[in-house]
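K.L.:
Following the hints, put chain X in place on chain H, whose structure we already have.
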Amino acid sequence: MAYQFDFLAVFDYGDMLLKGAAFTLAMTAVGAVVGTAIGIAGGMCRAWKLHPLDWLFGAYVELIRNTPFLVQLLFIFFGLPSLGVQISEWQASFLAVVVNLGAYTTEIIRAGIQATPRGQIEAAQSLAMGRLQIFFHVVLRPALQKVWPALSSQIVIVMLGSAVCSQIAAEDLTFAANFIQSRNFRAFETYLVVTAMYFAMAWMVRYALNVFGRRVIVARKPQTRGA
Amino acid sequence: MKTQRRSFLQHLGLASAAALMLSMPFAAQADALDKVQKAGVIKIAIPQDFPPFGSLGADLKLQGYDIDMANLIAEEMDVKLELIPVTSTNRIPFLTTGKADLVISSLGKNPERAKVIDFSAPYVPFVKSVYGPPDAAIAGPADLAGKVVGVTRGSTEDLALTDLAPKGTSIKRYEDNNATIASYLTGQVELVTVGNIVANAVNDKTGQRPMAAKFAVEDTPCYIGVAKGETALLDKVNAIIAKARADGRLNEFSLRWLKEPLPASI
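Same order as they appear, the protein sequences are chains H and X. According to our numbering, numbering within the first sequence proceeds without interruption in unit steps and concludes at 225. According to our numbering, numbering within the second sequence proceeds without interruption in unit steps and concludes at 329.
Next comes chain H alone, as it looks inside the complex:
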């Protein structure tokens, strides 16, 4: 066991690692924003049983939550071209992340909306609040407050799971790792560095979401904080 560690052999490819990390973070950011938007729409339709949209979202949620992410990705990239839908590997990766996260956030946000007692909406109506006002202040915000930790976790899970996008040649952080390892044959050093990078990124995303949750989602709601 006289293995000579050589981390310089990995840092020679520093540019590639940073580019890969940026791709993964961009994918996560787009997935988080668009996926949460889908989740809010879907969660509402499901919670309030708006036929037939709630059935559509129900089918979507069941389909995505009961199939592997990798298979969804391969279907989008290699399957859809047979139907004439030709999209590039990065478009396929972004789309797969959005579609996947959207299904999970639909369920998470539906739970949050359903946890708001009906009486609160009636109370708001009796205070002559507008429909949009009721939606934002009485339905959405309390719902997001309740499920924010679950939502943050799901976003981090999807970011880590997006590593499989390297399979369709999307140049994310895992692709960079595999590429570097296939050139310098330094598997230990390469994957150790990339593991540390994923860890740091996951921690950063979680921290950013926590701060966002405290400042934006929970703000001006003193009764939920140590009241």
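Listed below are several chain H residues computed to face chain X (Cβ distance under 8 Å; list not exhaustive):
#1 Phe75
#2 Phe76
#3 Pro79
#4 Ser80
#5 Gln84
#6 Glu87
#7 Gln165
#8 Ala167
#9 Asn176
#10 Phe177
#11 Ser180
Quick caveat, the hints were computed from the structure, so don't treat them as lab data. Positions of the beta carbon are idealized from the N, C-alpha and C atoms, including for glycine.
P.N.:
Same frame as chain H, now just chain X:
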């Protein structure tokens, strides 16, 4: 007394047997060609599960480029052929332990192997090329600029293509051969870089998107393996390869099994 004498004789027998065994490999190495011609049989190690080099046909008989080559060698040497099916991991031990006289088993050349066995002249091409639609005008690396080319990450053709491709070439590196092929068949890339054998197998199986060879990025042909130091046998094999190349029989093999004419490099 009797038992003692017998044991002495046994010792003598063992000693002479040992001496015989020790001397045999040297005797065998001295002239494998002589041995083959005297026995009237040549033992050739071939693949049995690696089409198109060697595999069982519908009639359960071995067929393939390597099988044809083995038959050709036996025919030219006017001896009977004994085929020994081997795997890619045990084919060299079969040769070094004298269980086979020749290895014709899609054997590539590398310095480690050259230390333990000798190689004949190349007898079959193994070319990695850029493939694309038949009408795509790609004649050389320079034409790749602005194109999207798929390749299997970390393969030797990936390294060769990376070296050759001009600036502006977009190389998409996939996890394995299947993904690379799928990327081409589904139109996700305009061109792919794969081995001729892979490309032919794909063309045989699907007409989804024909693959036509554009230019070679790497040429790593296969050789016939001969035990180290068997110069007489090696010369004979090389002479047979040269003759078969000259009279067009190798070209026939290539057309039959690889579906393309023998390149000038062989």
